[in-house]
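Asks: Okay, here's what each chain looks like letter by letter:
Protein chains: 2
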Amino acid sequence: MVRMRRIAFEELRERVKRVLVGLGLPAERAALGARLTAETDRDGVKTHGIARLPRFAAQVRAGLIVPDAAPECVVSFGAIERWTGHSGPGNIAAHAAMARAMELAKEHGIGCVALGDTSHWMRAGSYGWMAAEAGYAAMCWSNTLPNLPPWGASTPALGNNPLVVAVPRFGEGASEPVVLDIAMSQFSYGSLNSYAQRGAALPVPGGYDEQGTLTTDAAAIERSQRALPIGFWKGSGLSFVLDVLGAMLSGGKATHQFSSSALEEVGQSQVFLAIAPTAVGAVEQMRAVVDGAINAVHQATPIEAGKPARYPGEGALRVREENMRLGVAVEDAAWNGFVKLEEEIQGVRSSE
Amino acid sequence: MVRMRRIAFEELRERVKRVLVGLGLPAERAALGARLTAETDRDGVKTHGIARLPRFAAQVRAGLIVPDAAPECVVSFGAIERWTGHSGPGNIAAHAAMARAMELAKEHGIGCVALGDTSHWMRAGSYGWMAAEAGYAAMCWSNTLPNLPPWGASTPALGNNPLVVAVPRFGEGASEPVVLDIAMSQFSYGSLNSYAQRGAALPVPGGYDEQGTLTTDAAAIERSQRALPIGFWKGSGLSFVLDVLGAMLSGGKATHQFSSSALEEVGQSQVFLAIAPTAVGAVEQMRAVVDGAINAVHQATPIEAGKPARYPGEGALRVREENMRLGVAVEDAAWNGFVKLEEEIQGVRSSE
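Read top to bottom, the protein sequences are chains A and B. Per this note's numbering, numbering of the first sequence is gapless, rising by one per residue and ending at 352. Per this note's numbering, numbering of the second sequence is gapless, rising by one per residue and ending at 352.
FYI, nobody ran anything at the bench for these hints, they're computed from the structure. Some clues are possibly wrong.
[Unchecked claim] With a Cα cut of at most 25 Å, we get these calculated SDA-like pairs of lysine to any residue:
| no. | chain 1 | residue 1 | chain 2 | residue 2 |
| --- | --- | --- | --- | --- |
| 1 | B | Lys106 | A | Val75 |
| 2 | A | Lys106 | B | Thr278 |
| 3 | B | Lys106 | B | Gln285 |
| 4 | A | Lys106 | B | Tyr195 |
| 5 | B | Lys307 | B | Gly173 |
| 6 | B | Lys307 | A | Trp233 |
| 7 | A | Lys106 | B | Ser76 |
| 8 | B | Lys340 | B | Gly44 |
| 9 | B | Lys307 | B | Tyr195 |
| 10 | A | Lys307 | A | Tyr195 |
| 11 | B | Lys106 | A | Cys73 |
| 12 | A | Lys106 | B | Phe77 |
| 13 | B | Lys307 | A | Gln225 |
| 14 | A | Lys307 | B | Thr213 |
| 15 | B | Lys340 | B | Glu265 |
| 16 | B | Lys106 | A | Thr278 |
| 17 | B | Lys106 | B | Glu133 |
| 18 | A | Lys307 | B | Gln211 |
| 19 | B | Lys307 | A | Gln257 |
| 20 | B | Lys307 | A | Asp209 |
| 21 | A | Lys106 | A | Tyr195 |
| 22 | B | Lys307 | B | Ala200 |
| 23 | A | Lys106 | A | Gly281 |
| 24 | B | Lys340 | B | Glu10 |
| 25 | A | Lys307 | B | Asp209 |
| 26 | A | Lys307 | B | Ser154 |
| 27 | A | Lys106 | A | Ser87 |
| 28 | B | Lys340 | B | Asn193 |
| 29 | A | Lys307 | B | Tyr208 |
| 30 | A | Lys307 | B | Gln285 |
| 31 | A | Lys307 | A | Gly173 |
| 32 | A | Lys307 | B | Glu210 |
| 33 | B | Lys106 | A | Glu72 |
| 34 | B | Lys340 | B | Ala262 |
| 35 | B | Lys307 | A | Leu214 |
| 36 | B | Lys106 | A | Ala99 |
| 37 | B | Lys307 | A | Tyr208 |
[What the hints assert, rightly or not] Pulled from the structure, derived: some chain A residues nowhere near chain B, Cβ distances all over 12 Å:
| no. | residue |
| --- | --- |
| 38 | Val60 |
| 39 | Glu81 |
| 40 | Ala196 |
Predicted model only: the values in this text are computed from it and were never measured. No residue lacks a Cβ here, since even glycine has one placed at the ideal position from N, Cα and C.
Chain A on its own, in the form it takes in the complex (with noise of 0.2 Å):
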């Protein structure tokens, strides 16, 4: 059983902020990559939280990630721009990269930054609740080292790359957007892990067996490393494409140039791209579009009685305000992690 514990938002923040600058981030960006991690687990995507603190804190004691370094941009042609992050925190840059993207969307009507040499971005959704909630629409995504096989190949050679989209609301939805935040692979090897650490089988199938037989058994997975994409040839494509795309546009990585090693996993390539739907349209009409939308989702015949479907980002808006009323839910495993980097941080300074 998978034990929990509960811990004020603004007490985790404080304290991740007190980790960050420990690691070498000045003040501010210290806050903002707070906020963003303590955001990532009040939303309940625990996966990349504080409980990707540890591996982040090892990145930057190997020097594989550059704690002050700042991103900057390096070309600019009209609407697009060509940012590398030199090595930096990789939810710093991409925040940044989606903000400057937001202002060319202001200027010019759509925007976008590639950025390239970053590391990982953490939580993708962040960077869409970001655009959402300030009345942009927005795409971004990433890709990650080889973790999935082609289709019709049984060796990792593409990332499971994600890939996010967020809409604005306008009116009294504005502040719970439609944000969708997906990898291409239909199931994390994190989640893979806790399925087959717990013996439940996964609710649909999420690879193949070592006799190449689709299965739900996530331990059979974990032995056969073939995960499945989303849509079998479908998000073999997909996530093919959007790492050439990124990694042509930002002059970063491509998958293939990654090594295979989650410590090694650096010099991410990422593409930002922002949309002002009231440069072209009425917000009216853009409100009716989407509340209409989301009501035919609602009104659509649930397989469980009285379980409506959702909007994708609904479910989150669920979860943030119950840890905002309760605490941040956060596992026993992550927070002990955490806990003990504090710890190593104190013992660092105390020693100084």
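Based on these hints, arrange chain B on the given structure of chain A.
Replies: The following block gives chain B in isolation, referenced to the frame of chain A:
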């Protein structure tokens, strides 16, 4: 067994052009529409070439498509424009929209055209090939009538909204770009019907039977009308965001505003994005990225010995070469429908 014949590409194009002129398209636009249609069969996308013309003709005759209407820009702001198709032929309007997005990308690095009040664009991939062959990266999508249940529901509230991502190549591979063309359902109803008629099992699960169990039985999915979105909840979410974003930007219909009648499926919303990669980087770097990524996919261990995994678009190139050499392969059913249309138009002409 499906019976086939081969028709020389030029003959096919010429005969389709005569049909389109007969339906009321001005000569130049009929020539463009005929080229796009013949190229679709040439590339092996049999469901969206001449096989679609009888329905197109029925929509023209029902007054739902205005054959001589031309698309027009209605709002322009920097690098983004809103266009209306004025209920004209969808492939002509889509071609104009992508051409304009490419012009905008040439000027601003990135360009976007949102097209509303249009009709079926036939093969989605056409506009990706067009952009990539001219050196642009592109993304485009269309919404459709409701034909897919959202995840968690059993009645259709989403479309199977095709999505295209195209990436140009430079140097030797320039004529063989990367073009992904995927719908949000794992299989189209056309494809399900084809499996059902042959009594063949789907290669992977394609939906649910009437008991709500995941199945490879195409006939059972036809009965339940519960086709599977790619990646289950992921494709369901992706379909939703593409629909609302398209309808917001274009001012056209959202999926929930269509009836369930295929004949009445007009008024689609579509988005065309083009990017000029060379605005931000050097051709040599871009060439290395794509060639390296293609090589990595080809080098992955194939599941079937001697059958390496392919990159998106690679299969179409092989079919294209064969169809240009031997004549375009068309299925008898599609061909007979086309010949019937020719005769009807000839009949109308003779009686005039």
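Asks: Check the hint pairing Lys106/B with Cys73/A against an upper bound of 25 Å on the C-alpha distance.
Replies: Since the Cα atoms of Lys106/B and Cys73/A sit roughly 20 Å apart, the hinted pair holds (cutoff 25 Å).
Asks: For the pair supplied as a hint, Lys106/B and Glu133/B, is the alpha-carbon distance within the 25 Å limit?
Replies: Since the Cα atoms of Lys106/B and Glu133/B sit roughly 15 Å apart, the hinted pair holds (cutoff 25 Å).
Asks: Are the Cα positions of Lys106/A and Tyr195/A separated by 25 Å at most?
Replies: violated, 44 Å
Asks: Lys340/B and Asn193/B: Cα distance at most 25 Å?
Replies: holds, 23 Å
Asks: Given the hint that Lys340/B pairs with Glu10/B, does the C-alpha gap stay at or below 25 Å?
Replies: Measuring from Cα to Cα gives roughly 20 Å; hence the hint holds.
Asks: Given the hinted pair Lys106/A and Phe77/B, is their alpha-carbon gap at most 25 Å?
Replies: Judged against 25 Å, a Cα distance of about 10 Å means the pair holds.
Asks: Take the C-alpha atoms of Lys307/A and Asp209/B, compute the straight-line distance between them, and say whether it is at most 25 Å.
Replies: holds, 20 Å
Asks: Checking one constraint from the list: CA of Lys307/A to CA of Tyr195/A, max 25 Å. Satisfied?
Replies: holds, 24 Å
Asks: Please work out if Lys307/A and Tyr208/B have their alpha carbons no farther apart than 25 Å.
Replies: holds, 19 Å
Asks: Compare the distance between the alpha carbons of Lys106/B and Ala99/A with 25 Å, and conclude whether the hinted pair is satisfied.
Replies: holds, 24 Å
Asks: Is the Cα-Cα distance between Lys307/A and Glu210/B 25 Å or less?
Replies: holds, 19 Å
Asks: Confirm or reject: Glu81/A is not an interface residue toward chain B, with every Cβ-Cβ distance exceeding 12 Å.
Replies: violated, 7 Å
Going through the hint list in order, the structure does not satisfy hints 4, 21, 27, 30 and 39.
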